[in-house]
Amino acid sequence: MKYNYYPGCSLEKNAASYHISAMAIAKPLGMEFVEVDDWNCCGATEYVSLNLTASYALIARNLALAAKNEETKQLVAPCSACYLNLKKCDSYMLESPSLAEKVNTALAAGGLSYKGGTLKVRHLLDVVVNDIGYDAIAAKVTKPLKGLRVAPYYGCMIVRPKLGPDGTFDDVEYPKTLDKLLKVLGAEVIDFPLKSHCCGGHMTQISEGTGYELIRQLVKGATEYKADLMVTLCPMCQLNLDAFQGPMNSYFDTNYNMPVLYFTQMIGLAMGMDPTDLGIGAELVDARPALAKIGVEVPEPEMVIKKPPKEALPMPSLPEEK
Amino acid sequence: MSSATISPPKEEKSTRSFLEEVIAATPGESHLIDCIQCGTCGGSCPSGRDMDHTPRALFAMISVGMKEQVLKSNTPWYCVSCYYCTVRCPQSVHITDIMYTLKRLAVKENAYEKTKAPDFSKTFIEWVENYGRAFELGLMSMHLLKHNPFGVFKIAGMGIGMVTKGRMAFTPTRIKGMDNLKAILNKAKELEAVA
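Quick note, the sequences are listed as chains A and R, same order. Each residue of the first sequence is one higher than the one before, counting from 244 in the numbering used here. Each residue of the second sequence is one higher than the one before, counting from 3 in the numbering used here.
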């Protein structure tokens, strides 16, 4: 099946392994992704805190660009924040004629337009479990993740809030699709009570105590349930749980060591793919000991610092206005 | 019998206007008017302990027109957008969206106090408005330099890790249609100013 694909800014670099693994499993599972041409940032949770019309116009430019594709009206986002922003914009443009009018007046200044409801905005997990389906995935499993204890972690924005006539594709508080998927892959899945709790979003940058406490609770929970690793579906969650696990440990003087991988990487591993082809090895919390349990060997990570390009220095600097 | 009993109508007028202002600035049907003060929102909030007022209290304050106190409150800035309150609210109040509205109003009126969040949002958006994409290294370093220059040592290990693992871009990506995006955003800002 063909889909418009909106990677989002995180997947360009910090969550590149999510993008790489999504692309790696797409073909064998029969998903064809067409990247939205010249897409822009969705504004995360930041733009809407400053300017309502501009934040929705920013998101709507992506919807307008994706809607140009006559071959498919499905739009897939792997990032939960992008997914929610795109879905919310589509839904509110349908619900609120005054917002839709403003957004379209703005879009017209760039020669674009969008009608709410034109696209069906989906999260990548939704597409994998509902369009491809558990049975088709099970048929592709050649190397079951037997003996690996995993904590499925959904976070917030993939399941909340309920929007539009379709609502959400999984329960808002007790989602099960990722649990079921990981079971199909052969893993031992923990009934993780914190699975739809919040990772703190941007809070590590705003109020570190607040952010680190939310990270601590999740990592502590997964550790106490004796998980080998946590599986996520959002680049923000992965960044907070993995990259900020170290600073969180220093903040609380704790010593947690919980690897965090993407569900697309788990699918790839169960399909017998090479871990390096799935971007595995880019985690800050080493996932190799956990993966060794299922006989997956990940080569020693290269510790070579690539020289930054000249134009990047000196840092930091703000872009010049034209 | 005095003028004190006559004054409420005047207060009521300004009261109504702030509640109306919040509702009007929130997209879609916010259901704020339907709040029954049950407190499910505060009880569901993962960062509620850091807030000076619970969402419930804030909505009561909005309904009686305590605009200044509401816009000064740190509550919206501690909202982590997890939407637990929104899905649990028995009255379907769009609580998270109202928090965004309160952030926008506080920024517009320059009323917020003691929070780095608006600055963070502005720095984030500055990159987006000029390049079309977010730029994590630029955002984080600018934000740290401005608010906590020594904080850089605390997360240095993480920063080095991100660089060695190839997870940090040194330069921002610029989209091709930057002129197109700027035209759209400028028009949108014009429309927002009128609203």
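It is possible that some hints are incorrect.
[What the hints assert, rightly or not] Okay, derived cross-link-like pairs now, DSSO-like style, lysine-lysine, Cα gap no bigger than 30 Å in a straight line:
id, chain 1, residue 1, chain 2, residue 2
1, R, 156, A, 469
2, A, 405, R, 124
3, A, 426, A, 358
[To be verified] A few chain R residues that don't get close to chain A, going by computed Cβ distances all over 10 Å:
id, residue
4, 19
5, 20
6, 23
7, 56
8, 70
9, 71
10, 117
11, 142
12, 152
13, 157
14, 188
Think of the hints as simulated: they come from the structure by calculation, not from any bench. Glycine included, every Cβ here is placed at the ideal spot set by N, Cα and C.
Structure-based check of each hint:
A threshold of 30 Å between alpha carbons decides the hint, and for residue 156/R with residue 469/A the separation of about 29 Å falls inside it, so the pair holds. Taking the CA atoms of residue 405/A and residue 124/R, the gap is about 28 Å. The hint holds against a cut of 30 Å. Of the pairs offered as hints, the one joining residue 426/A and residue 358/A is violated, with about 39 Å between alpha carbons and a cut-off of 30 Å exceeded. Non-interface call for residue 19/R relative to chain A: holds, since the shortest CB-CB distance, roughly 19 Å, exceeds 10 Å.
No beta-carbon of chain A is positioned within 10 Å of the beta-carbon of residue 20/R; the least distance is around 17 Å. For residue 23/R, the shortest C-beta to C-beta distance to chain A comes to about 13 Å, beyond the 10 Å cut-off, and the non-interface label holds. With a closest Cβ-Cβ approach of about 15 Å to chain A, residue 56/R is found to remain outside the 10 Å limit, as its non-interface label requires. With a least CB separation of 20 Å from chain A, residue 70/R remains clear of the 10 Å interface cut-off, as annotated.
The Cβ of residue 71/R lies farther than 10 Å from every Cβ of chain A, with a closest approach of about 20 Å, so its non-interface assignment holds. Its closest Cβ contact with chain A, about 7 Å, brings residue 117/R to no more than 10 Å, contrary to its assignment away from the interface. For residue 142/R, the shortest C-beta to C-beta distance to chain A comes to about 7 Å, within the 10 Å cut-off, and the non-interface label is violated. The Cβ of residue 152/R sits about 13 Å from the closest Cβ of chain A, beyond the 10 Å cut-off, so the non-interface label holds.
Against the 10 Å criterion, residue 157/R falls within the reach of chain A, whose nearest CB is about 5 Å from its own CB. Remark: the non-interface label on residue 188/R conflicts with the geometry, its nearest Cβ contact in chain A lying 7 Å away (cut-off 10 Å).
In summary, the numbered hints that this structure violates are 3, 10, 11, 13, 14.
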